[in-house]
Amino acid sequence: MATDLVPGVAPDTPKTQPRVPRVTRKSPARRLALLLRHRWLYLMLLPGVVYFLVFKYWPMYGLHIAFKDYIPFLGYSGSPWVGLKHFEELFTGGDFSRLMTNTLILALLTIVFVFPAPIVVALLLNELRVNIVKRSVQSLIYIPHFLSWTIVASLTYLLFSADFGVLAGYINDIFGGQRTDYVAQEEWFRPLIILQLLWKQTGWGTIIYLAALASVDTQLYEAARVDGAGRWRQLWHITLPAIRPAIVVMAILTSGNIMDTGFEQIWLMTSSLNRSVAEVFDTYVYYVGISQGAFSYGTAVGLFKGVVGVFLIVGSNWLAKRLGQRGLY
Amino acid sequence: MKIPKGRRLAAATLAVSTAMTLAACGEDEPKAASFDTITVMTRLFGTAPDPNGEMQQAIQKVVGKKLDITWVPNADYGEKLNVTLASNNIPDLLVADEKAPAFVQAATAGAFWDLTDKLDKYPNLKPASERVGLNSSINGKIFGIYRVRPELRSAVMIRKDWLAKVGLQEPQSVDDLYNVAKAFTEQDPDGNGKKDTYGLIIPKWPGFYASSSPYDTMETWFGAPNGWGERGGKLVPGFDTEEFIQANRFLKKWIDEGLVNKDFATLDSANWNDPFVQGKGGIIIDVNVRGTDLSVRMKDKNPKDFDKVTMVGNLKRSDGQKFSLPFTGYNNVVAISKQRIRTEDQLDDVLSALDKMQGKEGSALLSNGIEGRNYKLEDGKAVLINQDDPAVKIVQNDVDKAFIQLGTRASVGLGQYPFKYPDEPTQKLFDLRDTLMKEDLKTAVYNPALPVIAPTQVQKGQTLNLIVPDARIKFLSGAITEEQLRAEIKRWYSSGGTEVAQETNDLVSKLPK
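Heads up: the sequence lines are chains A and B, in that order. Mind the numbering: the first sequence is residues 660 to 988 in my numbering, read in order. Mind the numbering: the second sequence is residues 7 to 519 in my numbering, read in order.
Just chain A, with the same shape it has in the complex (with noise of 0.2 Å):
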């Protein structure tokens, strides 16, 4: 537990810099000189900053519209406040337990079969000894995440659809009975969301972790042998220790995307008759707010959604350090 730094001090500073204890405060003069020093070193920070202030917090200003019947044409300043009004509609009306249930379903499976997948197959990947398998493999499994949502929505109708679905056909053939139009049924919406999920970021997913996995030391693993530990007991022992880090920093930025489940691949599979469980907070907000023109009611159900992912992605941190890991943060 108690191996965390000094929280706000970099574990690189320079040994030259003398360590100002964190309670003392600094002098104005001494600020100063400090952003003096280092006036390089924020000159380039600077267009980092700019960048987010300009795009990601001055469109801020714009959410107030949320509290607000919006009408374009009077203006933000012109259209009446109506307080909490988008959101009791949201809350109160038929849409929010379904557009919840749907939401959290996919995260969960996303968190239960997708998260993990890029994780095993790094290890699958660390184990082979051969350099050029192992690197062509790599570059394969990578390429289905270069194709848009499009192309791979298209992929899975020409797939799966009652008409013409190939792979429907097939299955068809071995199992008998009525062909099933996939595309078109809830109950295999989610699974086909899972599997689309799966073949385009499994391979992508694996970068990070194999990178984790090419800094271990390896006289960790010469040491186990010596002592007879077999490719299993390495593998609990030393790779997963060595990867924890980055697995968990990925659980955290994950749990902040629960909320965010894919806004184009759901809406390329939604039609009317899977509408009732793959409408999810995502395309709900660009349904109501940019096709029927809402505009304060989608902002208010996008505010919310935004709310909701800022607590997960804070709780997830907090719960990460209490479990004894580092966080992002």
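Since the hints were made in silico from the structure, they are not lab data. Keep in mind that the hints are not guaranteed to be accurate.
[What the hints assert, rightly or not] Short, incomplete list of chain A residues facing chain B, as computed with Cβ under 8 Å:
no.	residue
1	Pro731
2	Gly753
3	Ser931
4	Leu932
5	Arg934
6	Ser950
[Unchecked claim] Within a straight-line C-alpha distance of at most 25 Å, the following computed DSS-like cross-link-like pairs (lysine-lysine) qualify:
no.	chain 1	residue 1	chain 2	residue 2
7	B	Lys105	A	Lys744
8	B	Lys366	B	Lys426
9	B	Lys86	A	Lys715
10	B	Lys407	B	Lys67
11	B	Lys387	B	Lys399
[Stated by the list, open to error] Covered, in the sense of this in silico footprint (three residues per stretch, anywhere, with C-beta under 8 Å from a C-beta of chain A), are these stretches of chain B:
no.	region
12	91-98
13	109-121
14	480-486
If you're wondering where the values come from, they're calculated on a predicted model, not measured in any experiment. Glycine included, C-beta positions come from ideal geometry on N, C-alpha and C.
Using the hints, position chain B against chain A.
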């Protein structure tokens, strides 16, 4: 693993970014008014015309002003319209669905000119039909010049050669049509020895309830109201009637028996013609212009033997009574934005220009093209010429896929001059439109609530609109039972539909008679 501090900003802001994308629009001053150029936004069905192309030059000459036209692909139009309404760049002339919630809100807030009493002095702009004019209003107020369409466009397109092969007559009633679909599915109409054909082709329908879908058409044939109708002295939505259930029960039988394409819930409507032309399915219920369209496509496929499309109008129900589905008589309106056009004089300037555009010469340009270039007149009919010349082909495309969308007096299905097709079968289908329309108009079921839009519909449309169309498709596919369908209709009422119905009744009773 070291994470830079900036990441926490990134991670936190990432989470709220979805909310913000909706709200990212500024409030600049509108550009200084200059009315040498009128900005326009309208629908597009192909590739956007060249602003310096022949068609645009010709139309600008008629209007006497430059036009700056934003062409928006039809499929994205609703979304682009909402985004445009939220921007500070509303074009002077905007083609809009006048009942779309965002447009209603903008218009009632004063973003567009109220044209109710202003059109009389423009001969080509004042409503040609009082009824259609009223239909295109928002609760009696006209916020745009309606783009005319034929008053009745519904029809059934059938494979003529298949009909002959299975030895059936053209259907007169819904039961006849069922028999045709059954025979198309089971009697191997394409004669390849395999049972690989079906009857009716239905695509994924992008619109809501009462949007002239094949489902809506079938319901009207069964006697359900078209949108809204009187039952027990007050107006009820069409789906709250027994006829609605009966029609869908009937259609469900088709689907259960495999007489309809299996992917009816997902088939992209842009590919609607494909199964018909490829010889998979043999019936389409849609607008009558699809008849000539299919005939032309059949001809493209096989120029020697293409007389394979026939068309019938609305069908009787089993007891012999006939109810026909009329259309609204218009499609969207051309609204005039107040953003740049601030004074009555400026409005008059723009309306005069628009009046010229919709005059005889302008209408012919917009709907037929440039006389002597891509068509010539023969007994008052337009005959296409020079179609092998690439430059002329561009003119023809620009007219058919783009400029015709600017016409309010002459437009799709109602060109300034009727077409004369080079071949007899297509010509017959074209002429048939008028005959069928006149016949079916006698039994047309009108929607008395067209001119009104309930405030609750504007407020809650986003949660209400999908309930019934989704339930309908789920019932048809067998995903839910009839009881569950009825329960969904009740859910429409309890989610705000009760208010919509009440307000619709009130608003209709206040309309000018």
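Hint check: 8 Å Cβ-Cβ cutoff, Gly753 of chain A to chain B: Cβ of Gly753 of chain A sits 5 Å from chain B, so the hint holds.
- Query: Residue count check for the region 480-486 of chain B against chain A: does it reach three with CB-CB under 8 Å?
  - Reply: holds (count 3)
Checklist entry - Minimum Cβ distance from Ser931 of chain A to chain B below 8 Å? => result holds (4 Å)
For the region 109-121 of chain B, do three or more residues have a beta carbon lying closer than 8 Å to a beta carbon of chain A?
holds (count 6)
Under 8 Å is the threshold here; is the Cβ of Pro731 of chain A close enough to any Cβ of chain B for the hint to stand? Given a least distance of 4 Å, the restraint on Pro731 of chain A holds.
Worksheet item: Lys366 of chain B and Lys426 of chain B: Cα distance at most 25 Å?
Response: Within the cut-off at roughly 19 Å; holds.
query: If you take the shortest Cβ to Cβ gap from Leu932 of chain A to chain B, is it below 8 Å?
result: holds (5 Å)
Given the proposed pairing of Lys387 of chain B with Lys399 of chain B, does the C-alpha separation stay at or below 25 Å? holds (19 Å)
> Holds or violated: the region 91-98 of chain B covered by chain A, criterion of 3 or more residues with Cβ-Cβ distance under 8 Å?
Replying inline: holds (count 3)
Satisfaction of hint between Lys715 of chain A and Lys86 of chain B, Cα-Cα up to 25 Å: holds (24 Å)
Using the nearest Cβ pair, does Arg934 of chain A come within less than 8 Å of chain B?
holds (6 Å)
**Request:** Would you check the hint for Lys407 of chain B and Lys67 of chain B, treating anything up to 25 Å between C-alpha atoms as holding?
**Result:** Holds - the C-alpha atoms of Lys67 of chain B and Lys407 of chain B are around 21 Å apart, at most 25 Å.
In summary, this structure violates none of the numbered hints.
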